[in-house]
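Visitor: Each chain, written out:
2 protein chains.
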Amino acid sequence: MKILIADDDPQMLRALRITLTARGYDVTTASDGTAALDAAIRIHPDIVVIDLGMPGLTGIEVIEALRGWTQIPVLVVSGRSESWDKVEALDAGADDYVTKPFSADELLARIRALSRRTPAASNEPVVTFGDVTVDLAAHVVTRAGASVRLTPTEWRLLEVLLRNHDRLVTRETLLTEVWGPQYTTDTGYLRLYLSQLRKKLEPEPSVPRYLLTEAGMGYRFVSQ
Amino acid sequence: MKILIADDDPQMLRALRITLTARGYDVTTASDGTAALDAAIRIHPDIVVIDLGMPGLTGIEVIEALRGWTQIPVLVVSGRSESWDKVEALDAGADDYVTKPFSADELLARIRALSRRTPAASNEPVVTFGDVTVDLAAHVVTRAGASVRLTPTEWRLLEVLLRNHDRLVTRETLLTEVWGPQYTTDTGYLRLYLSQLRKKLEPEPSVPRYLLTEAGMGYRFVSQ
DNA sequence: CCGCGGCGTTAGGGAACCGTGAGGACCTGT
DNA sequence: ACAGGTCCTCACGGTTCCCTAACGCCGCGG
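Quick note, the sequences are listed as chains A and B, same order. Counting in our numbering, the first sequence runs from 9 upward without gaps. Counting in our numbering, the second sequence runs from 9 upward without gaps.
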């Protein structure tokens with residue numbers, strides 16, 4: 009169970025990390041809004057705990073950015089207890105709001121309550137191109153109605169390209185997102201899996217229409 | 009949007025009814041735990057707001073009874089602000105906990121946040137596939153009319169897969185849902201219990217038709 | 001014309017993963 | 001103490017997946 013904590017107070021970060029790690033959660037931390045967003049995109053946490061009063065992007069802006077992209081549960085932790093603040097955060101897409109100071113037990117219980125809800129709730133976009141549809145939440149790929157089997161690596165690669173649709177994705181980005189941060193230079197496997205994706209998804213694999221190559225740079229998925 | 013409010017304080021009931029009705033909710037009220045359960049069974053509300061300190065059945069008991077039967081969002085309203093009370097209610101199955109006094113705006117925002125999470129009406133209490141029927145609420149599995157005995161672990165595993173029907177459920181999700189958040193990597197028991205479920209439920213266990221494997225990723229239940 | 005670099009594709013060995021049987025640890029009620 | 005049941009570990013064969021190596025294609029510049 010991966011959990012992302014964003015707070016600009018190092019002491020709070022440390023306390024939360026210790027508490028949550030002790031309970032078996034896999035904790036990642038960020039100390040400003042931009043770092044929080046980056047981390048969310050990179051590690052796909054199962055739940056996000058975020059402080060409102062951060063420098064750079066505010067917590068509200070982070071929540072809105074997240075919601076443009078995913079339905080991960082977001083729990084807000086804030087020093088502000090005015091009802092207006094709560095309304096703003098909840099309506100921006102947060103799922104729960106706890107005011108400081110709070111007890112660790114309560115936070116843990118609220119995290120449990122939120123993660124209980126997750127599996128049934130995801131409502132991610134379905135991407136369509138040609139006669140192919142991809143349901144990112146359900147991990148389902150169909151082509152002309154028939155289901156298409158993808159291996160884990162093929163799926164991760166497709167996922168990264170789809171989440172960055174119409175944008176160029178560099179080889180380096182693809183490698184680190186799909187194979188891990190220690191992989192930065194291609195020795196052939198990127199080309200290999202791209203080829204397999206095309207074989208499974210493109211109407212004419214030898215003349216790609218959706219999964220395009222940008223020579224010397226990387227790849228780009230275009231939906232039409 | 010139907011909403012059920014349970015509170016033994018007539019004044020609170022009246023205030024909430026007015027506030028919520030004015031926002032367009034279809035409000036039903038109950039003034040003790042038994043009446044709340046009856047009303048929930050009768051009208052199938054989309055969300056339940058419940059006070060903990062009621063005569064007869066306590067709020068906690070009502071939540072537990074509801075959870076044996078449905079996944080409706082439950083928001084607890086209580087005069088008690090001890091973290092222990094919150095933990096108890098949330099772990100009993102409540103989704104949110106607000107302490108009195110609270111502002112109407114905050115309550116409304118929390119109700120909106122909860123109803124946003126409500127999955128579509130896909131929460132079928134009874135699932136059938138092949139000659140097998142599974143009653144999620146009653147914990148009953150039958151095959152060709154005869155009852156099938158499942159161990160607690162087998163049941164939890166089946167439940168998670170059924171509640172996510174047609175979607176891929178990752179190994180990690182299954183492990184944390186069935187065995188707890190500290191279990192994230194399989195050392196063999198997941199495969200073992202899947203095998204046992206297939207033996208009990210699949211027409212031909214060696215060629216699974218409903219409980220499918222996605223190598224390297226997880227499992228998926230498909231109803232046909 | 002020809003070498004060269006980047007890309008696409010195929011094939012095969014090795015590693016990781018999966019299904020399943022056997023058996024031991026533990027818990028519970030008799 | 002014993003029996004029945006549940007949970008988990010271990011091990012083995014079969015399957016799937018991943019990556020390396022090698023080759024052909026194409027465009028470009030020498």
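Rather than coming from a laboratory, the hints here were simulated on the basis of the structure. A quick note: this is a predicted structure, and the numbers were derived from the prediction, not measured. Warning: the hint list may mix true and false statements.
Because identical chains cannot be distinguished in the list, a pair is counted as satisfied if it fits within a single copy or across any two copies.
Stated by the list, open to error - Mimicking EDC-like on lysine to aspartate or glutamate, the simulated pairs with C-alpha atoms at most 20 angstroms apart in a straight line are:
1. K10 / E210
2. K108 / D17
3. K10 / D194
4. K208 / D93
5. K10 / E114
6. K207 / D113
7. K108 / D93
8. K207 / D99
Visitor: Each hint should be assessed against the structure and marked as holding or not.
Guide: These are the hints, each one checked on the structure:
1. K10 / E210: Classified as neither: same-chain Cα gap 34 angstroms, cross-chain 33 angstroms, threshold 20 angstroms.
2. K108 / D17: within (12 angstroms within a copy, 29 angstroms between copies)
3. K10 / D194: between (28 angstroms within a copy, 16 angstroms between copies)
4. K208 / D93: neither (41 angstroms within a copy, 52 angstroms between copies)
5. K10 / E114: Only inside one copy: K10 and E114 sit 19 angstroms apart there, 29 angstroms across copies, limit 20 angstroms.
6. K207 / D113: Answer is neither: 51 angstroms inside a copy and 41 angstroms across each miss the 20 angstroms cutoff.
7. K108 / D93: The answer is both: 13 angstroms in one copy and 18 angstroms across copies each meet 20 angstroms.
8. K207 / D99: neither (33 angstroms within a copy, 47 angstroms between copies)
The earlier numbered hints that this structure contradicts are 1, 4, 6 and 8.
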